Amino acid sequence: MADSSHEGSVDNAVGAATVTQSPSTQALSRVEPAQSESGLFSGESVLNILKLIFAGAPLPDVLTIIARLVEAEGKGMFCTIWLLDEDGRYVRCATAPSLPGFTANWDRTPVGPTGACCGTAVYRREPVYVTDVLSDPLWDGYRHLVLPYGIRAVWAQPLLSSEGKVLGTFSILYRQARGPSTADLQMIENASHIVGIALERHMKEEELRRSEAFLAEGQRLSRTGSFSWRVATDEITWSEELYRIFEFDRDVPVTLELIGSRVHPEDIPLLNDMIDRARGTGSDFEYEHRLQMSNHSVKYLHMVGHGTRDRDGRLVYIGAAQDVTERRLSEETLGKVRSELAHVARVTSLGALTASIAHEVNQPLSGIVTNASTCLRMLAADPPNVDGARETARRTIRDGNRASNVITRLRALFSKKETTIESLDLNEAIREVIALSLSELQRNRVILRTELADDLPLVTGDRVQLQQVVLNLLRNASDAMSAVDDRPRHMVITTEREEADRVRLTVQDAGVGLDPQAMDRLFEAFYTTKNEGMGMGLSVSRSIIERHHGRLWAAPNDGPGATFSFSIPCAPASVTSAGRRPIGKDAKRIMRNP
Amino acid sequence: MVRRSLVSVVDDDESVRESLPDLLRELGFAAHAFSSAEEFLTSDYVAQTNCLILDIAMPGMTGLDLQRELKLRRQEIPIVFITAHRDETVRPRVLEQGAVGCLFKPFSERALVEALNATLRINERCI
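Chains as they are written, first to last, in the numbering used here: chain D, 1 to 594; chain F, 1 to 127.
Honestly, the hints are just simulated from the structure, not real lab data.
Warning: the hint list may mix true and false statements.
Here are the simulated distance ranges between beta carbons [what the hints assert, rightly or not]: (1) I447/D to S108/F: 32 to 40 Å; (2) R3/F to G559/D: 52 to 60 Å; (3) S108/F to D455/D: 49 to 57 Å; (4) E332/D to R86/F: 39 to 47 Å; (5) D558/D to Y45/F: 40 to 48 Å; (6) N405/D to S108/F: 21 to 29 Å; (7) A111/F to D515/D: 46 to 54 Å; (8) H85/F to I447/D: 14 to 22 Å; (9) P384/D to Y45/F: 26 to 34 Å; (10) H85/F to N405/D: 17 to 25 Å.
A short list of chain D residues far from chain F (calculated; beta carbon distances all over 12 Å) [unchecked claim]: (11) I197; (12) Q219; (13) R223; (14) V252; (15) E332.
Nothing here was measured: the structure is a model prediction, and the numbers come from that model.
Glycine included, C-beta positions come from ideal geometry on N, C-alpha and C.
Based on the sequences and whatever the hints tell you, model everything.
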């Protein structure tokens with residue numbers, strides 16, 4: 001409705017009904033003014049106008065044609081049509097075909113009790129007939145706008161939508177001071193009705209256009225295209241965004257073959273399988289596959305389809321396909337970053353552990369060096385003490401093996417590997433961590449008790465990552481007790497089988513305990529209460545446990561200290577795999593029943 | 001007959017307790033090993049010990065605790081600390097507390113002999 005005062009495209013010469021503009025309005029020239037016996041429009045003119053309206057001719061052109069037709073009805077009569085602004089504060093002249101320069105001089109009138117005829121009629125929601133603008137106070141302040149045309153009488157009829165909303169006015173102007181006759185009133189009502197139809201139609205189109213634009217914008221922003229697939233005929237329609245995702249021209253007819261030409265070669269069997277299933281069952285589908293674009297880049301597409309039946313009972317799929325490439329790539333990056341982070345945390349905490357590891361290695365080395373010295377001395381004695389030398393050599397070998405074992409355990413912890421999933425004995429993994437940490441725990445005067453369940457089932461997971469978590473919990477527990485001197489520094493590590501085929505590890509300390517205020521932040525990255533801590537330990541630990549489909553939590557003890565626990569599922573032999581997704585598969589399909 | 005100097009070794013690590021006394025005996029000392037500070041303190045060897053080779057980090061009473069305890073008991077035994085923690089700040093700290101030497105494991109026979117000679121010189125001065 002905002003496109004008011006559109007008269008430039010129509011020849012403004014008074015009385016001319018020739019239209020000379022865009023192809024879309026060429027049909028207008030067929031709507032010639034025709035005098036009917038009753039003095040109203042002929043049925044044919046009205047029909048032609050309605051045809052124009054429903055053919056989607058531009059609104060200003062339609063309004064101008066109607067005005068011209070009305071003007072052809074009576075000699076000395078001028079017709080203007082006014083439209084209400086969207087904010088409802090002004091009416092603007094949309095057309096005044098026989099009053100040159102009129103809309104340019106007078107483009108708007110405020111809606112109100114004294115707004116000439118147009119503004120007042122909209123305000124009152126009823127017709128306003130001014131027989132003489134010279135004397136009528138409604139025209140105070142507006143007369144100069146019509147007097148140059150010699151206008152004396154103005155009648156304005158409000159235009160109402162079918163819901164009763166005021167859309168503007170239809171106005172008749174005369175050079176004589178006069179009021180409307182019954183025939184005039186009839187004509188005005190008929191014409192207003194047709195203008196109302198044109199306006200409503202225009203508004204609906206605008207609304208549709210706007211909602212389509214919203215939809216297209218929404219599809220573009222979310223990279224989601226929609227489609228329909230008529231299974232019997234393989235007739236497929238795509239939204240614009242889907243063309244954009246597939247990078248096909250808008251005018252190319254979509255076929256399954258065309259789609260197949262873009263699908264990643266490795267995912268073609270998946271596509272065929274999906275098509276076969278859809279044809280056969282009519283059930284909803286959801287699957288993810290890759291596209292290979294002409295420049296060999298790869299896109300990830302997530303597609304859902306809903307099977308419906310048309311009126312004749314034939315299967316039609318309506319669906320949506322989303323380009324999830326960015327999400328997939330960021331997931332991959334995230335996975336990589338997470339593993340880097342776990343590595344950093346591992347190395348950092350091991351950095352702090354280096355001293356105790358060096359201790360572990362230096363102990364047997366010390367034995368080796370001392371035994372070797374003793375051995376040399378015994379052999380150099382006169383007579384050589386061969387038995388003694390043999391004994392020290394034996395000890396040298398034993399200590400050498402001991403050092404080697406430490407190195408092996410160390411290498412397992414330091415090595416940076418991608419996640420390797422295996423069945424493992426959690427108790428054994430814990431014992432290894434304890435073996436590495438023991439001297440540090442002893443140095444911190446921690447009294448460690450282990451209560452590892454004998455019948456613990458195997459778990460599935462990454463041994464090194466789980467050991468990392470255990471190491472973190474041990475270190476945290478030990479650190480929490482470093483300032484405790486008034487009670488023994490007891491630490492209890494427990495494993496037990498939980499219900500629902502899960503395994504639980506708990507690490508209980510007698511340390512400073514948990515700050516109730518900070519419970520929520522405990523597992524946040526970079527949250528730390530330690531001077532040397534990076535605050536990564538618990539955050540990384542939790543993400544590791546969650547990747548193992550488990551849970552990591554903390555709770556205060558009844559007495560001093562805190563207990564940290566995690567719980568993870570047993571190996572699949574004893575657990576159903578329902579609800580667990582395979583990790584790292586490029587393409588997957590989830591068939592669902594409707 | 002000259003009594004051989006008694007060197008007592010206190011270390012929780014078994015391989016040290018096994019190997020070091022043998023080497024000390026080869027070097028001409030009498031040697032005795034203890035697995036903890038407490039064991040040494042409750043033994044009959046405290047008064048006879050001419051030199052103490054003492055591990056720093058031990059569960060329970062540490063080497064430094066024992067050093068302090070001996071001082072309190074006025075048992076002025078020269079001490080050579082040994083440790084598997086290569087922490088350079090430890091050495092000045094224990095020397096300040098009166099230790100004769102501080103060796104990082106693994107240590108060479110020569111370093112050991114030098115440290116023992118230093119303790120013996122102290123013993124000679126005391127006599």
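Contradicted hints - numbers only
none
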